[in-house]
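Engineer: Those protein sequences? They're chains Y and L, same order as listed. My numbering applies: residue 1 is where the first sequence begins, and numbers increase by one. My numbering applies: residue 1 is where the second sequence begins, and numbers increase by one.
In case anyone wonders, no lab produced these hints; they're calculated from the structure. Given the structure is predicted, the values throughout are model-derived calculations rather than measurements. Check the hints yourself; a few may be wrong.
From the structure, some residues in chain Y lie toward chain L, with a derived Cβ separation under 10 Å [claimed, not checked]:
#: 1; residue: Arg8
#: 2; residue: Gly9
#: 3; residue: Arg43
#: 4; residue: Thr71
#: 5; residue: Ala74
#: 6; residue: Ala86
#: 7; residue: Val89
#: 8; residue: Phe90
#: 9; residue: Ile105
#: 10; residue: Arg215
Between beta-carbon pairs, the in silico distance windows are [as the list claims (entries may be wrong)]:
#: 11; chain 1: L; residue 1: Asp192; chain 2: Y; residue 2: Leu50; range: 33 to 41 Å
#: 12; chain 1: L; residue 1: His376; chain 2: Y; residue 2: Ser48; range: 26 to 34 Å
#: 13; chain 1: Y; residue 1: Ile44; chain 2: L; residue 2: Thr183; range: 28 to 36 Å
#: 14; chain 1: Y; residue 1: Trp103; chain 2: L; residue 2: Thr58; range: 32 to 40 Å
#: 15; chain 1: L; residue 1: Pro289; chain 2: Y; residue 2: Gly104; range: 52 to 60 Å
#: 16; chain 1: L; residue 1: Pro287; chain 2: Y; residue 2: Pro10; range: 39 to 47 Å
#: 17; chain 1: L; residue 1: Glu30; chain 2: Y; residue 2: Ala17; range: 31 to 39 Å
Note that CB positions come from ideal geometry on N, CA and C, so glycine has one too.
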Amino acid sequence: MELLDFARGPALQFAMAVFAAGAVWRLLGILLLPRTGDRSAARIGAPSRLVGALYVIVRRLWPRRPFLQVTLFATINSYVFHIGLAIVVFGLAPHVLFLRSLWGISWPALPSNVVYGVAILTLASLLAALARRVSHPVLRLLSGPGDYLSWLVTTLPVATGLMATSHLGARYETLLAIHVLSVCALLIWFPFGKLMHSFLFAFSRGAMGARFSHRGVSI
Amino acid sequence: MTGAVAAFDHQGEVTNEQRVQSALRAFVREFGVTSALHMESCVHCGMYAEACHFYVVTGDAKYTPAHKLEPFRRAYQREVGPFAAVARTLGLVAPVTISELQQWQELVYDSCTMCGRCTLVCPMGIDIAELIKEARHGLFKAGLIPERLALMDRTADKWGSPATPAEDLPDILHDVAQQYGVTIPCNLDRADILMTVAPAELGDHPKSIAATAKILNRIGANWTMHQSGFDASNVGFNDGDARLQEKLTRAIIDTALRIGATIVLLPECGHAYGAARWEAAKWYDKPLPLRILHVTEFLAELLSSGRIRVRPIGDTATYHDPCQIVRRGGLEQAARQVLAALGLQLIELKDHGVNGFCCGGGGGVVSIARATPLRHKVFELKRRQVEDTGAKRFLTSCGQCRITLDMGAKHAHWEQKVESLLELVADNLAD
Numbered sequence: 001m002e003l004l005d006f007a008r009g010p011a012l013q014f015a016m017a018v019f020a021a022g023a024v025w026r027l028l029g030i031l032l033l034p035r036t037g038d039r040s041a042a043r044i045g046a047p048s049r050l051v052g053a054l055y056v057i058v059r060r061l062w063p064r065r066p067f068l069q070v071t072l073f074a075t076i077n078s079y080v081f082h083i084g085l086a087i088v089v090f091g092l093a094p095h096v097l098f099l100r101s102l103w104g105i106s107w108p109a110l111p112s113n114v115v116y117g118v119a120i121l122t123l124a125s126l127l128a129a130l131a132r133r134v135s136h137p138v139l140r141l142l143s144g145p146g147d148y149l150s151w152l153v154t155t156l157p158v159a160t161g162l163m164a165t166s167h168l169g170a171r172y173e174t175l176l177a178i179h180v181l182s183v184c185a186l187l188i189w190f191p192f193g194k195l196m197h198s199f200l201f202a203f204s205r206g207a208m209g210a211r212f213s214h215r216g217v218s219i
Numbered sequence: 001m002t003g004a005v006a007a008f009d010h011q012g013e014v015t016n017e018q019r020v021q022s023a024l025r026a027f028v029r030e031f032g033v034t035s036a037l038h039m040e041s042c043v044h045c046g047m048y049a050e051a052c053h054f055y056v057v058t059g060d061a062k063y064t065p066a067h068k069l070e071p072f073r074r075a076y077q078r079e080v081g082p083f084a085a086v087a088r089t090l091g092l093v094a095p096v097t098i099s100e101l102q103q104w105q106e107l108v109y110d111s112c113t114m115c116g117r118c119t120l121v122c123p124m125g126i127d128i129a130e131l132i133k134e135a136r137h138g139l140f141k142a143g144l145i146p147e148r149l150a151l152m153d154r155t156a157d158k159w160g161s162p163a164t165p166a167e168d169l170p171d172i173l174h175d176v177a178q179q180y181g182v183t184i185p186c187n188l189d190r191a192d193i194l195m196t197v198a199p200a201e202l203g204d205h206p207k208s209i210a211a212t213a214k215i216l217n218r219i220g221a222n223w224t225m226h227q228s229g230f231d232a233s234n235v236g237f238n239d240g241d242a243r244l245q246e247k248l249t250r251a252i253i254d255t256a257l258r259i260g261a262t263i264v265l266l267p268e269c270g271h272a273y274g275a276a277r278w279e280a281a282k283w284y285d286k287p288l289p290l291r292i293l294h295v296t297e298f299l300a301e302l303l304s305s306g307r308i309r310v311r312p313i314g315d316t317a318t319y320h321d322p323c324q325i326v327r328r329g330g331l332e333q334a335a336r337q338v339l340a341a342l343g344l345q346l347i348e349l350k351d352h353g354v355n356g357f358c359c360g361g362g363g364g365v366v367s368i369a370r371a372t373p374l375r376h377k378v379f380e381l382k383r384r385q386v387e388d389t390g391a392k393r394f395l396t397s398c399g400q401c402r403i404t405l406d407m408g409a410k411h412a413h414w415e416q417k418v419e420s421l422l423e424l425v426a427d428n429l430a431d
C-alpha cells in the first residue's frame, strides 16, 4: 500500500473515529455531571437564563471596552488564524470535494490563489501566536505540553498543505500523504486537548451568561 | 500555626498525605456541570491577567488567574474529568503534591479576592472566582488556609460571628442605641424584617447599625435584630468552610422564618450578599419564602417609592463599586439611584460599575496580614482613579471595602475620607 493510500484510507478513518468518539465522550462526560441548580430568586426584570446565555455567547466575540487595548494583539491575531483556518478548510477546491464525499453536500470553492494567500497569512499568524506564547511571561507560565501540541497539530496541516500545493521538498503524492497524516494527527489530538474549545466555548460562555443574567448582571 | 516556610500556614496535625487527599476530596465533592465546563474550556490565552488587580499592579505572572488554579486543574483532570481514569492510569497528569498545595495557599487566598473581574475578559466566559471558591474548599479541608482566617472560622463557629459572641449582642446594640439616639429592637418573637450586620459594623462602623435603625424606624417597620442570627458576613463563604457557611446561613434564614420575617436585610457587606442572596437557597434545596435584600437596594426601593425622602447634598462624588454586590450581584443601578436621590453629581471612576477594580481586600484578603504590601499596591490603583475624578466625596456600600480603603489611605497618608452610602442617607433623611 502506498503511503498516500494508507493516509487517505485506514489512517484517516481511524483518526475520524477517534475524533468523533473522543469528542462525544468528553462532551457527555461534562454535560452528564450533576447539575447544581440555583434555587435563588431571580432579580426582578432580569432576562431569562436562556437569553443571558445567548447574549454572552455572542457578546464574547469581542472584548469589553476596558480590555480592548490590552488584548488587541491576541484578539486580532486569534481572529486572523481562526478565520484563516475556516477559509482554508472550507474554501479550497480539493477540501470541498473531500467534504462532499464525507457529508454529501458541497459549495462553490474559492480561487486557489486566494486560499493560498490566506494559508500563508494563517501560518504567519500561528507563528506569531507561538512567538507570543514562548516570549510573554504569563503565557509561558501557563503553557504546558498540551498547549504546544495543540499548536503543532493545528499548524502542521497548514504548513504541509502549502508545501503540497507548492510541490516543495518532495514529490506531490508524498507531500499530500504527509498533509493528510498531519490532519489525522489533528483529529486524533482534538478531543483530548484545548482544541475542544471549538465546541466547549458555547457551553462555557452560556453557563456563565445564564448564571449572571439570573442575578441581573450585564456581563 | 505558622509552617516552616513563611508563605503558608497550616492547621491541625495530620500527615501530608492526608492533607492532599482531604484537599482533593473536598475540591471535587460538588463538581457540577458549570464548574466542569469552566475547568475544561480554558485555552490558556492569558488575557485574564490584564483584568486582575494583583497582576496589574505587580506585573508578576504568578498572579494570572488561571495559574492560581493550576494544581486544582490537575486534580480535576485526575479525579473528575471525562478522561480521568486514563489520566490516572497512564500517569498523563501529575498528581498534586503537598508542596504545591502549600505554595498555592498564597495564590488562592492572599492574592485572589474572588472579585470576578477576570471573567469579564475571558473569551471562554470562565467564572474563575467560583472555581477559586471551590479550590478554597479543598485547602480548608486540608488545613492549609491563612491562620487569621482559620481563627475567624473557629470564632464564628463558636459565636455565630467572628466579631462578638451572640450573648453580647444586646449590650452592643444598647450601647449603639444610646450613642446615636435610636431604638434598636432585639430578639423580638415576631417581626417583618430581620436586620443583620457584618463584623465591620460591630467594630469599626457602629454608626451603620444606627443608620439602618433610623431608616427602619422612620418607615415604621416592624423589625428586629436577633441573637440567633445576626452576622451575615459568612466567614465560611470566604475561607472555604462549606459546613460553616451552611451553619451561618441557616442561623439567619431559620431565625427569619421562625419570627415570620418576609425580608432579611443585609448590611453594607459584599460577601454577605454573595452568601445569602445567591447561595442561601441551595442549603434548603428550594426557593426561600422571603426576600433577601442588600441595604443599598432596600434604600433604592424606599427612595423610589417615596417611603423616605432625603435632603439633596449637592457635592460632587465618586463611587467604588463593591464587587460582590455589583459585578457578581447586579446592584450597579441601585447605588446610582441612591446617589442621584442625594443630589450628588456622580463622577465615575475610570473603571466603574461591572468593570470596577476591587478594593484589594475582598474574599478575606483584608484579614491576611502578610498580604498587606500587596493590598497597598492595589490601593494606589484605586487612589489614582479616585483622584483623577476630582470628586469631593468618595463613597461605597461595603464595610470591608471601606476598611480596606481606610487602611490603604492611612498607609499612604491620603486625606480622602471613604464614606458609607447608607450613613449618608441616614444623615440626610428629610422630614
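Engineer: State for each hint whether it applies.
Structural biologist: Results for each hint:
{"no.": "1", "hint": "Arg8", "verdict": "violated, 29 Å"}
{"no.": "2", "hint": "Gly9", "verdict": "violated, 27 Å"}
{"no.": "3", "hint": "Arg43", "verdict": "holds, 5 Å"}
{"no.": "4", "hint": "Thr71", "verdict": "holds, 5 Å"}
{"no.": "5", "hint": "Ala74", "verdict": "holds, 6 Å"}
{"no.": "6", "hint": "Ala86", "verdict": "violated, 17 Å"}
{"no.": "7", "hint": "Val89", "verdict": "violated, 19 Å"}
{"no.": "8", "hint": "Phe90", "verdict": "violated, 22 Å"}
{"no.": "9", "hint": "Ile105", "verdict": "violated, 30 Å"}
{"no.": "10", "hint": "Arg215", "verdict": "holds, 4 Å"}
{"no.": "11", "hint": "Asp192(L) to Leu50(Y): 33 to 41 Å", "verdict": "holds, 35 Å"}
{"no.": "12", "hint": "His376(L) to Ser48(Y): 26 to 34 Å", "verdict": "violated, 43 Å"}
{"no.": "13", "hint": "Ile44(Y) to Thr183(L): 28 to 36 Å", "verdict": "holds, 31 Å"}
{"no.": "14", "hint": "Trp103(Y) to Thr58(L): 32 to 40 Å", "verdict": "violated, 51 Å"}
{"no.": "15", "hint": "Pro289(L) to Gly104(Y): 52 to 60 Å", "verdict": "holds, 56 Å"}
{"no.": "16", "hint": "Pro287(L) to Pro10(Y): 39 to 47 Å", "verdict": "violated, 56 Å"}
{"no.": "17", "hint": "Glu30(L) to Ala17(Y): 31 to 39 Å", "verdict": "holds, 35 Å"}
This entry does not satisfy hints 1, 2, 6, 7, 8, 9, 12, 14 and 16, going by the numbered hints stated previously.
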